[in-house]
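6 protein chains.
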Amino acid sequence: MTDLSEYRVRKEPFYQPQGHEVSLFAAAYRRRLPVMVKGPTGCGKSRFIEYMAWQLDRPLITVACNEDMSASDLVGRYLLDAGGTRWIDGPLTVAARLGAICYLDEVVEARQDTTVVIHSLTDHRRALPLDKKGELVRAHPDFQLVISYNPGYQSLMKDLKSSTKQRFAAFDFAYPPPELETEILVREAGVPAHVAAQLVCIGGVARKLKGHGLDEGISTRLLVYAGVLIQDGVTPQDACRMALVTPITDDADIRATLEHAIRATFV
Amino acid sequence: MTDLSEYRVRKEPFYQPQGHEVSLFAAAYRRRLPVMVKGPTGCGKSRFIEYMAWQLDRPLITVACNEDMSASDLVGRYLLDAGGTRWIDGPLTVAARLGAICYLDEVVEARQDTTVVIHSLTDHRRALPLDKKGELVRAHPDFQLVISYNPGYQSLMKDLKSSTKQRFAAFDFAYPPPELETEILVREAGVPAHVAAQLVCIGGVARKLKGHGLDEGISTRLLVYAGVLIQDGVTPQDACRMALVTPITDDADIRATLEHAIRATFV
Amino acid sequence: MTDLSEYRVRKEPFYQPQGHEVSLFAAAYRRRLPVMVKGPTGCGKSRFIEYMAWQLDRPLITVACNEDMSASDLVGRYLLDAGGTRWIDGPLTVAARLGAICYLDEVVEARQDTTVVIHSLTDHRRALPLDKKGELVRAHPDFQLVISYNPGYQSLMKDLKSSTKQRFAAFDFAYPPPELETEILVREAGVPAHVAAQLVCIGGVARKLKGHGLDEGISTRLLVYAGVLIQDGVTPQDACRMALVTPITDDADIRATLEHAIRATFV
Amino acid sequence: MTDLSEYRVRKEPFYQPQGHEVSLFAAAYRRRLPVMVKGPTGCGKSRFIEYMAWQLDRPLITVACNEDMSASDLVGRYLLDAGGTRWIDGPLTVAARLGAICYLDEVVEARQDTTVVIHSLTDHRRALPLDKKGELVRAHPDFQLVISYNPGYQSLMKDLKSSTKQRFAAFDFAYPPPELETEILVREAGVPAHVAAQLVCIGGVARKLKGHGLDEGISTRLLVYAGVLIQDGVTPQDACRMALVTPITDDADIRATLEHAIRATFV
Amino acid sequence: MTDLSEYRVRKEPFYQPQGHEVSLFAAAYRRRLPVMVKGPTGCGKSRFIEYMAWQLDRPLITVACNEDMSASDLVGRYLLDAGGTRWIDGPLTVAARLGAICYLDEVVEARQDTTVVIHSLTDHRRALPLDKKGELVRAHPDFQLVISYNPGYQSLMKDLKSSTKQRFAAFDFAYPPPELETEILVREAGVPAHVAAQLVCIGGVARKLKGHGLDEGISTRLLVYAGVLIQDGVTPQDACRMALVTPITDDADIRATLEHAIRATFV
Amino acid sequence: MTDLSEYRVRKEPFYQPQGHEVSLFAAAYRRRLPVMVKGPTGCGKSRFIEYMAWQLDRPLITVACNEDMSASDLVGRYLLDAGGTRWIDGPLTVAARLGAICYLDEVVEARQDTTVVIHSLTDHRRALPLDKKGELVRAHPDFQLVISYNPGYQSLMKDLKSSTKQRFAAFDFAYPPPELETEILVREAGVPAHVAAQLVCIGGVARKLKGHGLDEGISTRLLVYAGVLIQDGVTPQDACRMALVTPITDDADIRATLEHAIRATFV
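Chains as they are written, first to last, in numbering that gives the first Met the number 0: chain G, 0 to 266; chain P, 0 to 266; chain E, 0 to 266; chain V, 0 to 266; chain R, 0 to 266; chain Y, 0 to 266.
Source of the hints: derived by calculation from the structure; they are not laboratory data.
Here the structure is a predicted model, which means the values were calculated and not measured.
Don't take each hint at face value.
[Said to hold, decoys possible] What the simulated footprint calls covered on chain V by chain R, stretch by stretch (three residues with Cβ under 8 angstroms from a Cβ of chain R suffice, anywhere in the stretch; the number is not a length): (1) 14-28; (2) 32-42; (3) 64-78; (4) 169-175; (5) 219-225; (6) 252-258.
[What the hints assert, rightly or not] One-sided excerpt, in silico: chain Y residues whose CB lies under 7 angstroms from chain R: (7) Thr40; (8) Gly41; (9) Ala63; (10) Asn65; (11) Leu221; (12) Asp231.
[What the hints assert, rightly or not] Sample of chain V residues facing chain E (criterion: CB under 10 angstroms; computed from the structure): (13) Asp2; (14) Ile87; (15) Pro246; (16) Ile247.
Glycine included, C-beta positions come from ideal geometry on N, C-alpha and C.
Turn these sequences into a full structure, and let the hints guide you.
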């Protein structure tokens, strides 16, 4: 049997609340409502779930969803062993059986109908049928299902089905407001507050370009990268180019706009 | 051999009849007619089947259908064992052999032609050929097949074939009428009647938006979520936003309409 | 070796001839010509083949074809056993080897080129090469191949290849004429003749709607369902709605037309 | 090792030459040139190859090609056995190794690039590399490759690659001329000459409809079916309808034209 | 371990140089540059590589590429054996490990990204990582990679990636000039020089039709076929029809043009 | 356990810095930031990473990504062994576990969603969940992830997801400036400086044709090939044709332009 102890979040993750999402999530967890967290890349959704798992003192099993993921990858499969076939629970089954929070990251990447397997865990049944094994796993009282979802992303081809959406209480996430993001940079990258504020300012320029040539703005994570490089002795110009410009676009105009903002900020 | 006892519905599920569907289903079961239940997400189709299984005192085997489901997932397959290969009945075969009600949820998600395997169980033959095993399973006298189907959903790409539809007696389901839905919220979420009525009223607003920007309205299940959160101390505004707005839409106009209805209801 | 006795049709199936199809099929069987039966859903094609198998006293192996069916599903495959791999004949091979009638139901659902495997059984060779096994199975003298085909169904994407069609003698089937269908309902559903005639009349209305909003009319099978429910005490209105309206359409106009016909019939 | 004796053509197949194709094929075989036979369905291509195999006294291995056929199906594969994996030669390898004529029927149905495996057997190398086994099979001196091809069929999607076509000497086949076809019917169906001539006449009508609503005309094989049924006591009208009309079209106009021809012929 | 001796080219292949391609290839081999040979079907690319392998005295491993070819088919895979799994080197790995020339014929047929596996063997690394085995095979000093490519063929869908093309020194091939091709026919088909010249003349007519109804002209190989048949006693008209017309086109106009050229040549 | 010593870069690779990319990469490595290197084919991206691995004294595990690559190819899989199944770490897992630099070459070729597996290694988690094994691999402190990306290539169909891009610090690469490229040719091909300069000049002509009929210019690698052939005694015209013209284009106009430049340069 899988040992959940390695899924414990060992030390408090750094998380700066943006509102009262912590108490609302706690209420949802008390009633074991399934939860969906929505928002752009790198705004802190995964970190929030990790923080809540730490605060609620529950093990956290994260699954990065992808198009090639089959239902068996979530639920489990038979493996051939010296003594014949042996059933191996998938991560969703482990979480349901033993009482972890199961976090399906970017769930919409998974084949739309693969997500159907979570339905019976998210209504009054709270059970997972293992058809291939002929077993019905009734969810542990502590089990909760959490999914993430990036609305800026979804095309006509890939969206959650209504019958899936209608099973979750949901939270909206966004990039943190400037003062908070500055604080995060000071803490995560170790830069002085004025440098952090300068980086946050460049991030703001990029986020305004979203939909005008950029698919998404610059995430907090990339701002932290820039700060970390500056803190390591790289010049702000080089650090910003490496972390904030080159990774996200090859468009000459957008690059010029961003480079201009960098030069204007770090005179 | 699979033990059907774990598929027994142990206690009476809460079900509020909307008409005389209980006696009609019972008649269909007496004559073992295959049944199709039609209706939108979260209006209580699965709950009804569970209730009928309890009332008819038959085990219930539910299969959440999905696009990756192969005929083998329904019918069974060979597994490699210490002593060679061993046949494992799939859920449909178990139900047919031992006399359960087999409920194929969202059957239209399954590959259209996978559904062909149910044909011989739904006509005068009442038998399931296990081609790979060379066995013809004659259905147990108590066996019945039930499928669910969401007509609001079906595209040109995915619909049941006529030759499948023509094998079922069918029931239409809809969201319960306001008084009944209020009663359900009082019982399921534990909220006072006036709060339940307020939530049902918001649900009514959302359901009118179906086809005008919303794929589907708000299910009874989401109204129960909102009630549960309110009952847990969350403010009605927060509870409604989490349970009734954020999960179902990212459209700014629709969100505004829904938020307006929430503010107007919970003054 | 598979035991064909379970494929015997044990008692005479109820079959009402519509013309001299019984003697024509018998002639085709005497010369072992491959046969194709064509017609809409639920008009009695499968029943006819079952009847002929009973009359000719041949075992009948039916295969419900589907898109996921591979040539191996028809022909056979190796299975891993305690003592290594073991070949398992598929249903077509069993029928060819032991002399059954093999009935491929809805053959056009199978991948077009999968149907190629039947070619060598349907010309002067009357043999089935098992390429994977390196064996050439010469068909038993009693073997015959029968396929069904629903012409109302076929799209440009899915049709039998000419080189397949040109291997069969064919029969057209249609819904039985009113008097005959009334007789069938009396016998199959146990309703009095006047009720049977009323149901047949409603079926006639629906069949005229084919191509005007309905993919197919109402099959004899659904009329039997309605009769069975009436015979069980359900009101004719409820019985017709459950069996004749709700399963086949969600279109409000068509439903209204059908409901009107029902009310007009069962005053 | 596979025993080729079961691939011997045991008795002389009935074949009526249409020109000097027998001596030309014999010349091609003497020089072991790969051969392609082209023509419509049921005009006798497969019969010709069988006849040549009988005349040249070579075993004949026929493979009905289909879209799901992988290179392994032609070449061979490893099978798991009690003593580990064991290589099984595919039909092409068997033919190349032991010196049979290998006939790939409807080769264009196979995935275009699967046909690439035959290239090294059809140029100066006359060898087949078994990549998975690490063996290079040099073709037996008696080995010859023959493929069939139906030009009326090929779409833009499915055609032989030029680099494949340029490896074959080719023969055109067509339906036999009337006198010859009459003779064939007399012999194959056992009908008197005047009945055979009447059937050939109906066949001629249908063949003129090719491209005007019929994909292909009526093959000699179907004419034989009609004759066989007549010989068995079925009326000419019924026999023609079963064998010449119903199998090949559902178009009312074409059916009327054909029925008219039948009535006009068998007054 | 695979024995390379069976991949030795045992006797000098007949090859008529068209220019100084022999010395240029030898230079490329001395520096172990990867080589690409380009040209139409049947112009002698494969023969040239075989000749060079003979002259350089290196074993030659040829792989006919196709769309279904996976990276494992080139690199190797694990096979299940009596004693567990055993790794089997694929042909590319064998060549790299033991120092053969590896010739990937029609490489563009392989899935574009499958060709990525050859990259590390064609730059300064000269190594092949066997990811599944956790081994890095450093190429034998004698190893060289050669690919063939037919530019007349490539569609937008199928072309080599630039990052692949930029790894090869390349040679253009074309049909041999008339005098040389005549010499080849005399030698390969054994026909007298004047017959050879007549065939070459017909080949010239067909090659001018390329792009005007013919995908490709007539290859030297087909001219040899025609010569061989003539030498075997077939009339020139029949031989040309079998070898030069019927295999390559079904277009009536093109056939007429070619037949005309044949009649005009062999009066 | 895999032995990393064979992934050590044994001798200093020749690398000519184009700017201060060496110190910037070293800073990124000190902070273990994931790195993306961007640029056209053959401009030295892979060489740079190899050089950095040598300088940082870390083993380097390179994976050539391709469309058929599954997550299992990166992460690992179970293999069947004499004693049952045994887990084999994939190259990404080996690198994460033992502390190598893992270089995913042409990562965009891999299925977009397969790249999702690298997410948890590229954020604060620095861990790789092996779902199938039920193990969470925490990355070794020395582990770093590097990916390459060719922006000139990406179509709408194939691009990195924003949520992947936002995880990397990035470097732009381009072809080296003329003086530097000349130096490289002298060193790598062994040609005198004036010949190297002539080749670089021809390379410049080709690179200006990019987007005007050429997908990409001529890489430094191809210039080295030309130099190597010249150094081996091939005439400059032949060497340039083989290495700089024939491999990259079949367009007659572009070939003429390039041939003209070659003749003009090597008078």
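Could you work out which earlier hints the structure fails to respect and list their numbers in ascending sequence? Checked against the structure, the hints that fail are numbers 5, 6, while the rest are satisfied.
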